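Working from the sequences, and respecting the hints, build out all of it.
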Amino acid sequence: DTAVSQTPKYLVTQMGNDKSIKCEQNLGHDTMYWYKQDSKKFLKIMFSYNNKELIINETVPNRFSPKSPDKAHLNLHINSLELGDSAVYFCASSPRDSSGELFFGEGSRLTVL
Amino acid sequence: KQEVTQIPAALSVPEGENLVLNCSFTDSAIYNLQWFRQDPGKGLTSLLLIQSSQREQTSGRLNASLDKSSGRSTLYIAASQPGDSATYLCAVPDTNAGKSTFGDGTTLTVKP
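Protein chains in written order, with my numbering: chain A, 8 to 120; chain B, 4 to 115.
Simulated from the structure, these hints should not be mistaken for lab results. These figures come from a predicted structure and were not determined experimentally. Ideal placement from N, C-alpha and C gives every residue a C-beta, glycine not left out. Treat the hints loosely; a few may be bogus.
[What the hints assert, rightly or not] Partial chain B-side listing against chain A, Cβ under 8 Å, derived: (1) S15; (2) E18; (3) S27; (4) T29; (5) S31; (6) G46; (7) K102.
Structure (structure tokens):
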């Protein structure tokens, strides 16, 4: 069983469209994250949720809206897509305790044309 | 603000060599440090997690050390193999903000 799973794995869309990426973890973790990896492979935090509550919003444009229906799911909705949004988006989770070990999904590669 | 640096950015070695990857961080008040491997087009796979109270962790041919006082960690790979070729990243949790800061990675190529 996949611990952290994301869908879709690949997403190709036109500028101006709205799209969503879904993430689910079956590890029983309280904290989930969205990270963005750009073309230079730099990995940056976007959002962090702890037990469905937003705890980090790292200067991300408000076109990006995370939603956590329960602590096992964290979805990412992106409005009015721009060329610069093209990247790989990774979902991750960790236990609430200070061990903080991160577990990552396989990533969702978004290409905006 | 925590900053994490990895040196070198790229490394190419012949098969069988022992090698060391470096990770340095600016704020020594850390819970732990985690090493990951990323293959092209894939997600991040956790290799080793060192808690702040530990000095090293070992898994197979991998050994990670942690020196909090100097803000450094090393990942030692023994008897490297072509299958070790990947990008290796280290990450440090921010103790106050519930997130991790990543280094930019070291891309390792092991030539047969």
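Handout entry: Minimum beta-carbon distance criterion (8 Å), B:S31 to chain A
Key = violated (16 Å)
Handout entry: Interface hint outcome for B:S15 [beta carbon to chain A under 8 Å]
Key = Violated: closest Cβ of chain A sits about 17 Å from B:S15, beyond 8 Å.
Exercise for the section: Verify the interface restraint on B:K102: the C-beta must sit less than 8 Å from at least one C-beta of chain A. Expected result: holds (4 Å)
Handout entry: Interface hint compliance - B:G46 to chain A, C-beta minimum distance less than 8 Å
Key = holds (4 Å)
Problem - Hint check: 8 Å Cβ-Cβ cutoff, B:E18 to chain A - result: violated (24 Å)
Problem - Cut-off 8 Å, beta-carbon criterion: hint that B:T29 touches chain A - result: This hint is violated: B:T29 lies away from chain A, its Cβ roughly 17 Å from the closest one there, beyond 8 Å.
Handout entry: Restraint satisfaction for B:S27 [CB to CB of chain A, less than 8 Å]
Key = violated (17 Å)
The structure fails hints 1, 2, 3, 4, 5 (numbered hints given earlier, in ascending order).
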